[in-house]
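Here is what each chain is made of, one letter per residue.
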Amino acid sequence: MSAVATLKSWTGAVLAAPVFWLALIVNVPLKAWQRATGTGGMAAFFLAPNMAIFGIFVLVPLVINFFYSATSGTAYFLQDRSYVGLEQYQRLLDCSNYLDTATCREDLFWKAVHNTGLFVIVQVALLTVVSMATALILNREIIGRSFWRAVFFFPVLLSPVVTGLIWRWILQRQGLLNMIVHDFGGEPHNWLTDRFWAFTAAVSVSVWAHMGFYTLILLAGLQAIPRDLYEAAEMDGTRPARVFWRITLPLLMPNLLVVIVLALIRAVQIFDEVYVLTGGGPGTSTLYLTQYIYEIGFASLLRNPGLASAASILMGLVLVVLTLVQLQVGRRGERKGARQ
Amino acid sequence: MSGVAAFLTRRRGGRSWHWTDTVTWLWLVGGLVIMFGPAVWLVGSSFKTPAQLAEFPPTILPYVGQQMSVEGYDKPLTLYTVKLPDGSSKVMAEVRRIGIVAQMIDPKAPKDIIKVNIADRQPVREIGFATENYTEPFVHFDFLRYLRNSVFVTAMATLITLLTNSMAAFALSKYKFRGRDFTMLLIVGTLMVPLSVILVPLYSVVSAFGLLDSLWGVILPTVATPTGVFLLRQYMLTIPDEMLDAARMDNASEWQIYWRIVLPLAAPALAVLAIFSVVWRWNDFLWPLVVLSRKELYTLQVGLNTYAGELNVQWHYILAMTVVTMIPVVLVFVFLQRYITSGIAGTGLK
Amino acid sequence: MKKTRTLLAALSVSLLASTSAFAGDVRIMWYSDGVEGDVIQDILNRFMKDNPDIHITLDNVAYKVIQEQLPIQLEAGQGPDIARVTNIKELAQHWLDLRPLVADAKYWDDNFGDTLDWMRPDGSKAITGFMTQLTLTGGFANKTLFEQAGVALPGDKATWDDWINAAAEVAKSQQLPAAFAIDRSGHRISGANVSFGANYIGADGKPAKVDDGTKAFVGKLVDWTAKGLMLKDTWVSAAGSTYRAATDDFINAQIPFYYSGSWQVANLSTKIGDSFDWVATGSPCGTAGCSGLKGGAALVAIKYTKNPKDVAKVMDYLASEAVVKEFSERTLFLPAHKGVIAKGGLKWGSTDKNVGPALDKFVQAAGETLPAADALPPWKWANAYFAALVTRVSQVMAGELTLDAAWVKIDQDIADKVAEAK
Numbered sequence: 003m004s005a006v007a008t009l010k011s012w013t014g015a016v017l018a019a020p021v022f023w024l025a026l027i028v029n030v031p032l033k034a035w036q037r038a039t040g041t042g043g044m045a046a047f048f049l050a051p052n053m054a055i056f057g058i059f060v061l062v063p064l065v066i067n068f069f070y071s072a073t074s075g076t077a078y079f080l081q082d083r084s085y086v087g088l089e090q091y092q093r094l095l096d097c098s099n100y101l102d103t104a105t106c107r108e109d110l111f112w113k114a115v116h117n118t119g120l121f122v123i124v125q126v127a128l129l130t131v132v133s134m135a136t137a138l139i140l141n142r143e144i145i146g147r148s149f150w151r152a153v154f155f156f157p158v159l160l161s162p163v164v165t166g167l168i169w170r171w172i173l174q175r176q177g178l179l180n181m182i183v184h185d186f187g188g189e190p191h192n193w194l195t196d197r198f199w200a201f202t203a204a205v206s207v208s209v210w211a212h213m214g215f216y217t218l219i220l221l222a223g224l225q226a227i228p229r230d231l232y233e234a235a236e237m238d239g240t241r242p243a244r245v246f247w248r249i250t251l252p253l254l255m256p257n258l259l260v261v262i263v264l265a266l267i268r269a270v271q272i273f274d275e276v277y278v279l280t281g282g283g284p285g286t287s288t289l290y291l292t293q294y295i296y297e298i299g300f301a302s303l304l305r306n307p308g309l310a311s312a313a314s315i316l317m318g319l320v321l322v323v324l325t326l327v328q329l330q331v332g333r334r335g336e337r338k339g340a341r342q
Numbered sequence: 044m045s046g047v048a049a050f051l052t053r054r055r056g057g058r059s060w061h062w063t064d065t066v067t068w069l070w071l072v073g074g075l076v077i078m079f080g081p082a083v084w085l086v087g088s089s090f091k092t093p094a095q096l097a098e099f100p101p102t103i104l105p106y107v108g109q110q111m112s113v114e115g116y117d118k119p120l121t122l123y124t125v126k127l128p129d130g131s132s133k134v135m136a137e138v139r140r141i142g143i144v145a146q147m148i149d150p151k152a153p154k155d156i157i158k159v160n161i162a163d164r165q166p167v168r169e170i171g172f173a174t175e176n177y178t179e180p181f182v183h184f185d186f187l188r189y190l191r192n193s194v195f196v197t198a199m200a201t202l203i204t205l206l207t208n209s210m211a212a213f214a215l216s217k218y219k220f221r222g223r224d225f226t227m228l229l230i231v232g233t234l235m236v237p238l239s240v241i242l243v244p245l246y247s248v249v250s251a252f253g254l255l256d257s258l259w260g261v262i263l264p265t266v267a268t269p270t271g272v273f274l275l276r277q278y279m280l281t282i283p284d285e286m287l288d289a290a291r292m293d294n295a296s297e298w299q300i301y302w303r304i305v306l307p308l309a310a311p312a313l314a315v316l317a318i319f320s321v322v323w324r325w326n327d328f329l330w331p332l333v334v335l336s337r338k339e340l341y342t343l344q345v346g347l348n349t350y351a352g353e354l355n356v357q358w359h360y361i362l363a364m365t366v367v368t369m370i371p372v373v374l375v376f377v378f379l380q381r382y383i384t385s386g387i388a389g390t391g392l393k
Numbered sequence: 061m062k063k064t065r066t067l068l069a070a071l072s073v074s075l076l077a078s079t080s081a082f083a084g085d086v087r088i089m090w091y092s093d094g095v096e097g098d099v100i101q102d103i104l105n106r107f108m109k110d111n112p113d114i115h116i117t118l119d120n121v122a123y124k125v126i127q128e129q130l131p132i133q134l135e136a137g138q139g140p141d142i143a144r145v146t147n148i149k150e151l152a153q154h155w156l157d158l159r160p161l162v163a164d165a166k167y168w169d170d171n172f173g174d175t176l177d178w179m180r181p182d183g184s185k186a187i188t189g190f191m192t193q194l195t196l197t198g199g200f201a202n203k204t205l206f207e208q209a210g211v212a213l214p215g216d217k218a219t220w221d222d223w224i225n226a227a228a229e230v231a232k233s234q235q236l237p238a239a240f241a242i243d244r245s246g247h248r249i250s251g252a253n254v255s256f257g258a259n260y261i262g263a264d265g266k267p268a269k270v271d272d273g274t275k276a277f278v279g280k281l282v283d284w285t286a287k288g289l290m291l292k293d294t295w296v297s298a299a300g301s302t303y304r305a306a307t308d309d310f311i312n313a314q315i316p317f318y319y320s321g322s323w324q325v326a327n328l329s330t331k332i333g334d335s336f337d338w339v340a341t342g343s344p345c346g347t348a349g350c351s352g353l354k355g356g357a358a359l360v361a362i363k364y365t366k367n368p369k370d371v372a373k374v375m376d377y378l379a380s381e382a383v384v385k386e387f388s389e390r391t392l393f394l395p396a397h398k399g400v401i402a403k404g405g406l407k408w409g410s411t412d413k414n415v416g417p418a419l420d421k422f423v424q425a426a427g428e429t430l431p432a433a434d435a436l437p438p439w440k441w442a443n444a445y446f447a448a449l450v451t452r453v454s455q456v457m458a459g460e461l462t463l464d465a466a467w468v469k470i471d472q473d474i475a476d477k478v479a480e481a482k
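First to last, the protein sequences are chains A, B and C.
The first sequence begins at 3 in my numbering and counts up one residue at a time.
The second sequence begins at 44 in my numbering and counts up one residue at a time.
The third sequence begins at 61 in my numbering and counts up one residue at a time.
Any given hint could be a false lead.
As the list claims (entries may be wrong) - Below, computed lysine to aspartate or glutamate pairings styled on EDC-like, alpha-carbon distance capped at 20 Å: (1) Lys-185/C with Asp-434/C; (2) Lys-124/C with Glu-339/B; (3) Lys-403/C with Asp-216/C; (4) Lys-269/C with Asp-110/C; (5) Lys-413/C with Asp-288/B; (6) Lys-469/C with Asp-96/A; (7) Lys-203/C with Asp-288/B; (8) Lys-366/C with Asp-117/B; (9) Lys-203/C with Glu-339/B; (10) Lys-203/C with Asp-182/C; (11) Lys-413/C with Asp-149/B; (12) Lys-118/B with Asp-412/C; (13) Lys-158/B with Asp-174/C; (14) Lys-33/A with Asp-288/B; (15) Lys-373/C with Asp-110/C; (16) Lys-363/C with Asp-109/A; (17) Lys-158/B with Asp-216/C; (18) Lys-469/C with Asp-109/A; (19) Lys-158/B with Glu-207/C; (20) Lys-124/C with Asp-163/B; (21) Lys-469/C with Asp-82/A; (22) Lys-33/A with Glu-137/B.
Said to hold, decoys possible - Derived contacts from chain C toward chain B, CB cut-off under 8 Å, selection only: (23) Gly-210; (24) Gln-424; (25) Glu-428.
Derived by calculation from the structure, the hints in this document are not laboratory data.
Idealized CB from N, CA, C, for every residue including glycine.
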């Protein structure tokens with residue numbers, strides 16, 4: 003037993019040794035650099051690798067994308083495309099009534115905007131409620147808590163394509179769900195060709211796939227709430243609902259806001275699982291923005307990369323607003339943390 | 044009533060059974076079925092033959108028709124339960140089928156052929172695993188090479204992610220400099236820009252660097268994750284500045300502070316990021332598909348998609364290979380799940 | 061703007077320099093719907109044994125890569141040396157002219173002359189490759205279901221209405237969810253449109269507006285869907301031009317009649333097995349004829365290869381009569397090689413009694429296609445037309461658009477595409 007332990011610690015040490023030597027060696031030139039530039043220079047040093055990679059592989063493509071949106075043609079590379087200014091944006095925004103997609107020049111884009119709006123509202127609300135309920139339940143004293151935690155987290159590990167595929171087979175006309183419904187004497191239903199049910203399926207499957215992550219964030223918040231607050235409340239005979247509204251919810255607020263904002267950002271970008279699940283159907287009732295961009299930019303035989311870029315930049319604007327909200331929320335949380 | 048309080052607030056200390064316990068267990072067991080059920084079914088389906096996969100309604104477990112060798116016939120015959128005209132039913136073997144009439148025999152008396160309408164017969168089936176879904180791809184598909192590529196991509200990307208993200212997070216949380224807030228905004232602002240949106244520009248950048256058909260072309264664009272920087276920075280903010288100042292008093296260099304103090308203290312958050320990074324990079328599909336067009340460089344996810352044709356997708360192989368590629372992720376999860384939880388708890392995402 | 065241009069140009073030059081190819085190396089990008097990947101590998105291995113100086117690598121990829129990534133690579137002047145492609149006309153400027161390189165150009169003209177136009181720019185005389193597989197759209201009927209229902213299979217000159225009515229009777233008596241289904245694809249319904257007199261190509265070679273022929277058949281299709289005769293799922297449960305097949309429903313005997321194409325034969329044979337008898341029916345008739353639509357996948361040489369001579373050698377071998385014959389027999393694909401077809405006597409590599417007659421039926425039906433249908437495969441705008449049709453017609457089926465609104469949208473979608481490509 004002890005021999006095994008020794009062996010383990012030895013192998014660990016041997017494996018770790020080069021890393022530590024490397025860290026030591028790196029320290030020498032860095033110290034010189036630090037002496038030369040001061041700590042300000044050190045900040046630049048620590049930021050540099052990440053920002054270089056980030057700049058090249060994220061920012062530059064974003065800028066190129068911006069140029070794309072001002073060009074037309076079916077060519078993929080910027081140098082072969084012709085400049086058209088804001089024409090693509092005009093085309094996208096050309097609509098005599100924004101509430102009636104049929105009056106728009108690019109009716110499918112607006113259809114996707116409407117669909118995404120509805121999806122985001124319903125999905126985020128449902129996701130928050132379900133994650134909250136699960137976190138509250140996992141926070142109780144139950145047998146095998148870590149097992150149950152794992153159960154709800156498991157789908158987060160699946161790739162979205164697999165998620166979409168599994169559920170499509172379950173929900174299709176002759177799928178598993180209809181078999182179960184039939185066995186219980188119910189009337190089988192064609193879930194994915196029905197507008198309402200296809201939407202419900204898209205929302206539910208995306209909640210299924212992501213709720214584990216948010217549940218854990220909320221659970222962490224719940225467990226950080228000091229126990230004596232509750233004991234005091236119980237001694238005062240405070241009514242449970244009141245305890246929830248007055249103690250749990252306020253103290254959980256920072257986590258809850260993070261959950262809502264992250265969920266919002268993800269919901270706006272919903273794509274893979276729904277694309278595989280419903281393909282955007284029935285008709286175009288679950289066609290969402292990212293799918294529209296993907297199809298028009300890449301997949302469809304009616305390809306138009308300029309239009310897709312313009313649409314993605316409009317969508318990016320929405321995401322930036324959401325991110326600003328998130329930063330604001332994060333900052334408030336920080337201040338709160340400082341006060342505690 | 045205090046039970047309700049406990050349910051809505053924190054843990055329940057009571058001993059007696061309460062309706063909230065019922066709710067709890069219903070939720071948990073329901074969750075177990077809904078969360079795990081589809082995955083179990085996926086594994087079951089991966090052992091089905093193509094014909095059985097296409098079958099309606101689907102079965103949970105894979106079945107094969109039962110066969111039997113009957114005297115006087117070279118090949119084994121398929122068994123059916125036949126409804127006889129007198130209302131009784133009997134297991135019989137089918138000799139051949141012509142249109143809607145099947146010629147059946149009783150295996151015990153193989154001489155007499157009985158003609159049966161095919162509507163009156165049901166195949167006798169037993170559980171059987173189409174293991175060729177797994178073995179065939181292993182033969183035709185350079186599994187070990189793909190595995191090696193996948194492991195290389197996942198490991199390198201995760202290491203680089205941890206290093207660069209933690210360095211950036213350290214700078215953003217522990218130094219005050221001009222443009223810090225702007226940098227943070229820039230990073231978080233691109234939090235999950237959908238890949239499909241910048242695919243073509245990214246492709247031109249990667250090809251300009253000569254990284255097409257190279258595993259580094261898969262690795263580099265993915266490593267500067269905004270999520271990682273964000274997560275680590277939030278965690279490092281909770282490390283008191285006093286500790287760093289004390290180390291500076293002892294003449295420690297900034298690198299030593301980062302390496303010796305901040306990194307070890309941020310271990311839970313690093314563990315979370317490591318786990319997520321492994322899962323993300325392992326599951327990455329669209330991007331490797333774009334970059335890698337030579338089969339010696341394929342990762343597993345790209346490799347298994349070669350079974351997706353234009354007019355026909357060979358699901359039986361794809362499902363089996365999906366299950367195989369899921370195994371490492373599940374292992375990571377089983378062994379490291381407590382770090383995920385405690386890490387997120389520690390990060391607190393305050 | 062100008063700076064970006066020069067920068068990008070400079071970068072793409074450095075990129076070209078970075079790809080190195082050794083003499084004798086040939087890379088083939090290939091996708092598979094079934095066993096053809098294994099078959100071609102087998103054939104290539106034999107070739108390499110006889111030609112030790114040429115080393116061929118077969119990169120098996122997802123069809124998605126061919127459709128979405130290959131065009132980008134080609135535009136960057138990159139890509140494999142040879143590829144199996146379906147979008148052969150639109151990308152034709154990237155193919156290599158093999159005419160000066162092949163051993164016997166006349167052999168190619170004689171045997172593949174009909175389809176060479178499908179894969180070269182308009183007006184060109186180039187030899188760029190050959191069809192690995194010729195496909196023809198057509199119907200399949202579940203003979204056993206028809207028998208069980210006591211309905212006779214409609215005969216050779218039966219119309220679309222005859223077929224749907226007969227199938228509806230079968231569906232009713234056997235309590236099936238629908239009478240028939242067509243794959244969700246513009247290509248699949250275009251043969252039928254032509255049978256009703258449609259012509260997509262305007263006098264100037266540009267797309268014409270949706271005409272009465274198209275309106276006639278699509279109108280019927282929408283009507284059949286509304287009545288529940290056509291299986292709703294396939295067309296309605298997707299948006300855009302996504303391809304969806306109804307094969308599984310036919311395999312599970314959920315529909316007595318299925319309109320797809322010759323490539324399904326191998327697939328149906330494996331998955332149906334002995335469950336029921338099925339027959340290929342050819343294409344039902346409309347007012348103008350009984351046309352299906354040809355198509356398929358071609359193997360083409362790519363202009364940017366470093367080893368054109370070796371590429372030509374490989375292509376010569378793969379296009380040789382014996383190899384084409386063997387490939388077709390083993391994959392159950394219809395060959396595009398005139399000599400092979402004329403000699404006949406293909407020994408289909410299947411023991412399934414339904415397969416031989418089905419393939420023979422397709423070979424026969426290939427003679428019945430109308431000129432307007434045969435003009436589509438070598439037409440640059442065909443894919444745009446197909447995509448617009450699927451996108452809008454499925455919206456009509458889902459109740460989101462009226463037919464009249466759909467015609468307007470289809471014309472506009474196609475006009476946009478033409479304008480964009482200028």
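Against the structure, the hints come out as follows:
| no. | hint | in the structure |
| --- | --- | --- |
| 1 | Lys-185/C with Asp-434/C | holds, 19 Å |
| 2 | Lys-124/C with Glu-339/B | holds, 19 Å |
| 3 | Lys-403/C with Asp-216/C | violated, 25 Å |
| 4 | Lys-269/C with Asp-110/C | violated, 54 Å |
| 5 | Lys-413/C with Asp-288/B | violated, 85 Å |
| 6 | Lys-469/C with Asp-96/A | holds, 15 Å |
| 7 | Lys-203/C with Asp-288/B | violated, 85 Å |
| 8 | Lys-366/C with Asp-117/B | violated, 56 Å |
| 9 | Lys-203/C with Glu-339/B | violated, 46 Å |
| 10 | Lys-203/C with Asp-182/C | violated, 44 Å |
| 11 | Lys-413/C with Asp-149/B | violated, 26 Å |
| 12 | Lys-118/B with Asp-412/C | holds, 16 Å |
| 13 | Lys-158/B with Asp-174/C | violated, 51 Å |
| 14 | Lys-33/A with Asp-288/B | holds, 17 Å |
| 15 | Lys-373/C with Asp-110/C | holds, 12 Å |
| 16 | Lys-363/C with Asp-109/A | violated, 39 Å |
| 17 | Lys-158/B with Asp-216/C | violated, 32 Å |
| 18 | Lys-469/C with Asp-109/A | holds, 9 Å |
| 19 | Lys-158/B with Glu-207/C | holds, 16 Å |
| 20 | Lys-124/C with Asp-163/B | violated, 44 Å |
| 21 | Lys-469/C with Asp-82/A | violated, 29 Å |
| 22 | Lys-33/A with Glu-137/B | violated, 85 Å |
| 23 | Gly-210 | violated, 10 Å |
| 24 | Gln-424 | violated, 22 Å |
| 25 | Glu-428 | violated, 22 Å |
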